[in-house]
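Full structure from sequences and hints, please.
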Amino acid sequence: MAVGLEHFLILSAVLFSIGLYGVLAKRNAVIILMSIEIMLAAVSISMAAFSRYSHVITGQVFVIFIMVVAAAEVAVGLALIITIYRRKKTVDAEKFDLMKW
Amino acid sequence: MMGLDIAFWVLAVVSVSTALAVVLMRDVFRAALFLVLCFFSVAGIYVTLSADFLAGAQVLIYVGAIAVLIIFVIMLTRESRQGSPSGRLRLPAILIGLFFLITMLFVVLNTDWHVVAEPPAESATTAIAQALFSEDGFVLAFEIAAALLLAAVIGAIALVRDK
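Just so you know, the protein sequences line up as chains U and V, in that order.
Quick note: the first sequence uses our numbering, first residue 1, plus one each step.
Quick note: the second sequence uses our numbering, first residue 102, plus one each step.
Simulated from the structure, these hints should not be mistaken for laboratory data.
Ideal Cβ placement from N, Cα and C applies to all residues, glycine included.
Be aware that a few hints might be false.
[Claimed, not checked] Okay, the calculated bits of chain U under chain V, using three or more residues with CB under 8 Å as the criterion: (1) 7-21; (2) 40-52; (3) 55-61; (4) 78-91; (5) 94-100.
[Said to hold, decoys possible] Facing chain V, a subset of chain U residues (Cβ under 7 Å, in silico): (6) 30; (7) 31; (8) 34.
Take a look at the structure:
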């Protein structure tokens, strides 16, 4: 069976579900950020697949913008994690209750 | 086409297993190394999609920059010894993930996609450049992305700066 659009979309869905599980279940904030990166990569795969199988280049342009936003998000997210680690000496997301009333 | 199919299956298996290793591995540092491998295999998947520029950008940005940044932060926050245990939401997270996966499988397999089977004739890099910088292209979004990156850099510096 030749590889087609559906294969790439299913691969993307599987990767996204794994990332979703990581975001919801893990307690280490760095692992949560890594899972978000997996989810972004999964969405990028489906964008590139749609672009390839419809010959519209806009999908690949969107992947470039996703990469830009992912880089910005990782920079700010890791800076936040370092700041909270300095203050609370932990990166456990269940102990991040600074903004909880 | 046969070679591309084999490449896709190998890369799909590698990317899914490394992504699973990232969320299941107890050692945070090893999880980060598996994330690097996952990014590499996603770059390979871009190659099988004849998106050569994206593959290069993926290796440069994710493997070169983001992975190094993540490993750097893991070294700074010494919690690798404690590992990355799952929280109380483990079972609901598995259920939500499976629910999302089944929904997506159902949608993908039941939709009548209009696909063009043959690969695009022109180079993807030229087409991306034309789409980004032509008059009716994404010039405004490109400039806003530059401003966003600048804001993120300044924000990250302001956050970690010693008061």
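So, going through the hints one by one against the coordinates:
Counting residues of the region 7-21 of chain U whose CB lies closer than 8 Å to any CB of chain V gives 14, so the stated coverage by that chain holds, three being the minimum. Counting residues of the region 40-52 of chain U whose CB lies closer than 8 Å to any CB of chain V gives 7, which reaches the minimum of 3, so the coverage claim holds. Counting residues of the region 55-61 of chain U whose beta carbon lies closer than 8 Å to any beta carbon of chain V gives 5, which meets the minimum of three for the stated coverage. Given a C-beta distance limit of less than 8 Å, the hint that chain V covers the region 78-91 of chain U holds, as 9 residues qualify and 3 suffice.
Only residues whose C-beta sits within less than 8 Å of a C-beta in chain V count toward coverage, and the region 94-100 of chain U has 1 of them, not enough to reach three; the restraint is violated. The criterion of a C-beta within 7 Å of any C-beta in chain V is met by residue 30/U, whose closest approach is roughly 6 Å, and the hint holds. Here the hint on residue 31/U is kept, as its CB sits about 5 Å from the closest CB of chain V, short of 7 Å. The closest approach between the C-beta of residue 34/U and any C-beta of chain V is roughly 5 Å, which is under the 7 Å cut-off, so the hint is satisfied.
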